[in-house]
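In my numbering, the protein residues as written are -17 to 252.
Hints are computed from structural coordinates only; laboratory data are not their basis.
Where is the CB? At the ideal position from N, CA and C, for every residue including glycine.
Keep in mind that the hints are not guaranteed to be accurate.
To be verified - Calculated lysine to aspartate or glutamate pairs in the EDC-like style (CA-CA distance at most 16 angstroms, straight line):
1. Lys99 with Asp41
2. Lys101 with Asp119
3. Lys242 with Glu170
4. Lys162 with Asp106
Stated by the list, open to error - Pairwise CB distance ranges, derived in the manner of DEER restraints:
5. Lys101 with Lys52: 20 to 30 angstroms
6. Arg166 with Phe195: 46 to 56 angstroms
7. Ser102 with Ser29: 18 to 28 angstroms
8. Pro31 with Pro163: 15 to 25 angstroms
9. Gly167 with Gly196: 52 to 62 angstroms
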Amino acid sequence: ITGGLCRADQSHSCTSNMAAALRTPLLLLLVAALALAAPRFKACKRSLPAAKLNECVRDSLQKAVPELVKGLPEFGLHTIDPLHVNSLQVPSRGSKSVVSVDITFNNLDIVGLRNAKIKSADVDLAKYRMTSKIDVDGPISLLGDYKIKGKVLVLPIEGSGRCNITLVNPKGEITEMQAKPVTRGGKEYVQVTSLKFVVKEADRVYYDLENLFGGNKQLGNNMNEVLNDNWKQVFEEMKTPVQTALGLAFRTIADNVARKIAFNDIFVTN
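Let the hints inform the model, and build the full structure from the sequences given.
If you want it as structure tokens, here you go:
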């Protein structure tokens, strides 16, 4: 899986079977978690009881969302709504899968992260770990260019063009964000070593893949109808590789912030 981050312009790019990109809300959490010490964010005291510390982190992350939407140029971060990813390659899961396709996405924009709601946060300062639950009160749309070949529910699928995948009210979870301490200039910073993001559910997923089967409108319309009629099965089969790709993207963003803010400025001692 390959992915790249860059500034999103007005282009509408997304990933077709990327429904799983729900995980996108995770990004908000990660970046915000490391940016708590910035003047615009509320820092949290290490001495707080665990429940109060988690509550402080949750509130700080929620406060960070609109700042992340605007962008944080001092951390080298552009807006996260839309979040732009240069490319994603998703290999087939094998012939035994209900959905067995090879997909490539280019010029991907993920729109709707401004509606992210941080439901909970759980931090372990001693082990440099964090988990969090995130809901999006509204749609997340993935817009961009796709190329696909394989089968869906035993039906062949092939095509390339524009795509629009919209997830309604998705719910996700950072099941693990692990970091390690590094010392630089006499101060302790952290480096994010792993991040796992999981899409738990969505109220609905809508698919619109243009130019399927060489532009044959009848076949293309029929396949889009199959995808939408069986959206739950398609969603479950396609989300794992997309979650992995987005987790890598979120980790990159988190590292940009982590390099700028000392750990003791994120979680203060007094």
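Taking the numbered hints from earlier one at a time, note which ones the structure violates and give those numbers from smallest to largest.
No numbers; nothing is violated.
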